[in-house]
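Novice: Each chain, written out:
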Amino acid sequence: MAPSAILESRASVELDDYIIDCAWSPDGRSLAVVCSEGTVHLCEFGERESCVHELGMHALGALAVAWQPGGARFASAGQDGTTAIWDAGAHRGEHVRFRPGRSVVEALAFSPDGRWLAAASGRVVALWSTEGERLHEFAPAEGVIAALAWDRPGRDLIAATKGGLLAHRIEPPRFTTRRYARPGACLTAAPSPNGKVLATGTQDGSVHFWYLSSGRAGEMRGYGTKVQLTAWSSNGRYLATGAGADVVVWDFAGKGPEGSRPLQLCGHTERIETLAFQPGGPWLVSGGRDWRVMLWLPGRATTPVDVQLGDAEATVARFSPDGRFVAVGQRNGRLAFYALLPP
Amino acid sequence: MSPAARIPVTVLTGFLGSGKTTLLNRILTAQHGRRIAVIENEFGEIGVDHQLVIGAEEEIFETSNGCICCKVRGDLIRILGQLLKRRDRFDCVLIETTGLADPGPVAQTFFLDEDLREQFVLDAIVTVVDAAHIEEHLDVMDAAGEQIAFADVVLLNKIDLADEAALQRIERRIHAMNAPVRIFRTLDADIPVDRVLNLGAFDLERALATDSSFLEPQYPFEWAGVYAFAPGRHELCLAGAVCAHDHEAHVHTHDGGLSLAVLEAPSADASGLEAQIEPAVRVFAEESVLPDSTATIVPAAHPWRLPTAHDHTHWTLRIERAGTYAIFCEHAPGEVGLRVAGAGHVAERHFRSHHHDGEIASVGITDRRPVDRQKVNDWFSDLLQSRGQDIFRMKGVLDIRGEDRRYVFHGVHMMFDGRLERPWGAGERVSRLVFIGRRLDRAGLEAGFRSCLA
Chain A
7 MAPSAILESR ASVELDDYII DCAWSPDGRS LAVVCSEGTV HLCEFGERES
57 CVHELGMHAL GALAVAWQPG GARFASAGQD GTTAIWDAGA HRGEHVRFRP
107 GRSVVEALAF SPDGRWLAAA SGRVVALWST EGERLHEFAP AEGVIAALAW
157 DRPGRDLIAA TKGGLLAHRI EPPRFTTRRY ARPGACLTAA PSPNGKVLAT
207 GTQDGSVHFW YLSSGRAGEM RGYGTKVQLT AWSSNGRYLA TGAGADVVVW
257 DFAGKGPEGS RPLQLCGHTE RIETLAFQPG GPWLVSGGRD WRVMLWLPGR
307 ATTPVDVQLG DAEATVARFS PDGRFVAVGQ RNGRLAFYAL LPP
Chain B
6 MSPAARIPVT VLTGFLGSGK TTLLNRILTA QHGRRIAVIE NEFGEIGVDH
56 QLVIGAEEEI FETSNGCICC KVRGDLIRIL GQLLKRRDRF DCVLIETTGL
106 ADPGPVAQTF FLDEDLREQF VLDAIVTVVD AAHIEEHLDV MDAAGEQIAF
156 ADVVLLNKID LADEAALQRI ERRIHAMNAP VRIFRTLDAD IPVDRVLNLG
206 AFDLERALAT DSSFLEPQYP FEWAGVYAFA PGRHELCLAG AVCAHDHEAH
256 VHTHDGGLSL AVLEAPSADA SGLEAQIEPA VRVFAEESVL PDSTATIVPA
306 AHPWRLPTAH DHTHWTLRIE RAGTYAIFCE HAPGEVGLRV AGAGHVAERH
356 FRSHHHDGEI ASVGITDRRP VDRQKVNDWF SDLLQSRGQD IFRMKGVLDI
406 RGEDRRYVFH GVHMMFDGRL ERPWGAGERV SRLVFIGRRL DRAGLEAGFR
456 SCLA
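Residue numbers (the numbering used here), protein chains in the order written: chain A, 7 to 349; chain B, 6 to 459.
So that you can see chain A by itself, here it is in the shape it has in the complex (with noise of 0.2 Å):
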């Protein structure tokens, strides 16, 4: 029998700019958003009633934001070369702000118990405490960073960069990096959260996974486009990977992917900007330039299980940390929010 279980629509807000990414707070109430123009908003959602604050800007524009797991902050980075913390409790405001480097920080992504900040500016990768001290940089990557990911256990943080991927092991004071190469420009960086596989999306249309234990290397082609998009399952079971209008899924169970057929899921017609698993659950959320949100159960089905059409294009999807709600951006300011309602 075909999965069923719905989006419902809940509630939204308009921020009249394109929607570049924004973070859920630990607590699920509130969402930090950042826009193309360069606005930070915190955004509190309510069953009833939401509400939006626009706490400050980065001038030319904003690029990633990212909450502090465990606590009260959140970070943003823009055009402007700065990284600014900001402050969604009593005091809300900017706490501090700071310069990580001369380039433009195009990836943050916090430590899983909330200590450190990794911030990437061209191609250097730094970590920073919530008050903008700086505890390590590391040594320049060969080219500039593309994405960052911590893997679950906080220990090693992965920076994609053209010739692969750089496991920097974080054990202060001691600080190592390791090296998974391949030749091309890498563009994300997925551990897998059961510490296993670290896979990557690259521009030349394929996927590269390594397996941790035994360093055994694997590669999918046949993407007729750049990978721009990773996702595991929260079971690190399923990766999903999106390049132009295809979300196509790796099963990583058993002896592994290499060979076998991937779920293709089919049902956007043009390009995808997001994909988000579900955490502690099976269900994945795409968004695309067709305007549409699809709920997906991989592993059951190849067609969607729900579609959410919106009034632009959708350019940015994150689970609730509970995995009972997903946000949703868009590129005309639309925040929307939907409740997951399993079968």
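Hints in this document: simulated from the structure, not taken from any laboratory.
These figures come from a predicted structure and were not determined experimentally.
Be aware that a few hints might be false.
As the list claims (entries may be wrong) - Quick partial rundown of chain B residues pointing at chain A, CB under 8 Å, derived from the structure: (1) E63; (2) E64; (3) E67; (4) Q87; (5) K90; (6) R91; (7) F95; (8) D118; (9) E119; (10) D274; (11) A275; (12) E279.
Yeah, the Cβ is synthetic: ideal placement off N, Cα and C, and Gly gets one too.
With chain A fixed as given, assemble chain B onto it according to the hints.
Specialist: What follows is chain B alone, placed relative to chain A:
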């Protein structure tokens, strides 16, 4: 997205000191009503009101398919991706490259990345050259020739620093490499913005059709003149100028001198000259001969080699029989100061010469017969695989059999983009192609095209 909605991108190249930054500042400050997003090769060097200026750190990505010429600019992929999120704030994009940059990776970025290919269109590559120094640069640096080979528009800048003969010589040299390029002479890079920005895919057909000289084959000589000579001795003068741009690759250059041939012509007019072109090509294929100590040359079935030493600039042309004669000269008279004392030519013609500048040249093809789409695809595919490294640019319009619309294509190295565009009007159907590259095989390209005829 329809092609018309794609955002036009202009790529600005040119050596340090050519006037590139002056042009950029003019474009940014001129009142032209366009909102331009500028991607500079450094952080915020120029502060400009109302315009979006973004610094970029050049980062080359090699693709992993093993082809060394498939390089793209990773930083541009990211920056342009970000710009798309603000696309209602600008109308076009201008990318400045560093002085010595090979324009290939920038141009290829718009082919290799599918997202960028859908959203942006490479409108034109504009190369600024310094009239006072470009000849020297072309002689010693491959990058100078490549920047010209890639260009759709060349600004010949600082024209106050070169005389008319030099400017003409430079223009011929540029056209010899890149036949369809449009050249504008400028002072202080002063040019109406609509000559360099948003050319509408540089109206490809007009560019290909304007100057039909690229359809001509190339010759071992650059100039010919027809003279009426009485019997006797005529004085041939070279103004002491050493050839400004001799090149080792030239088969007729042994010692930095000048080759010329003297042939009888059937009439004292243009048709008499035309009739002797093919015979002159055969003459130039022969080994050249140095005049003996009397410094005398005569009409002959071989070219004469005149050393251009400073102490020897006068030669004697001995004519036995009154009549009309054509002198075919390796270089144009303006360049080498050639003249015949007391006699002016009654007709002349300039030719495209084949021996310049790292063997960079253009091959043009025009044909009124329709082509078969599948055959064209196969041919391009083979051609780009085998010759892509040497083909800097290719562009054209094809009349595809059974198709009402023009098939418009362009390519950079092995990257290719083609689409059906406007419908043909009555009587307009004609295919025009041009290839610009190094060591191009004209006969092979022509044969390849013929194999595609429907």
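Novice: A separate judgement is required for each hint: does it hold in the structure or not?
Specialist: Checked hints:
1. At its closest, the beta carbon of E63/B sits 11 Å from a beta carbon of chain A; the interface hint therefore is violated under the 8 Å criterion.
2. Satisfaction of the interface hint for E64/B is found here, the shortest Cβ-Cβ separation to chain A being roughly 6 Å, below the 8 Å cut-off.
3. Look at E67/B: its Cβ gets to within about 7 Å of chain A, closer than 8 Å, so that hint holds up.
4. For Q87/B, the suggested interface contact is upheld, since its CB lies about 7 Å from the closest CB of chain A, less than 8 Å.
5. A hinted interface residue such as K90/B counts as satisfied when its beta carbon comes closer than 8 Å to some beta carbon of chain A; here the least separation is about 4 Å, so the hint holds.
6. For R91/B, the interface hint holds, since its Cβ comes within 8 Å of a Cβ in chain A; the closest pair sits about 5 Å apart.
7. For F95/B, the suggested interface contact is broken, since its CB lies about 12 Å from the closest CB of chain A, more than 8 Å.
8. The restraint placing D118/B at the interface with chain A holds, with a minimum CB-CB distance near 7 Å, inside the 8 Å limit.
9. Given the 8 Å rule on beta carbons, the hint for E119/B holds: about 4 Å separates it from the nearest Cβ of chain A.
10. Against a cut-off of 8 Å between C-beta atoms, the interface hint on D274/B is violated, since the closest Cβ of chain A lies about 61 Å away.
11. Of the supplied interface hints, the one on A275/B is violated, with its beta-carbon coming no nearer than about 56 Å to a beta-carbon of chain A, more than 8 Å.
12. Hint status for E279/B relative to chain A: violated, with the closest Cβ pair at about 53 Å, above 8 Å.
When each numbered hint is compared with the structure, violations occur for hints 1, 7, 10, 11 and 12.
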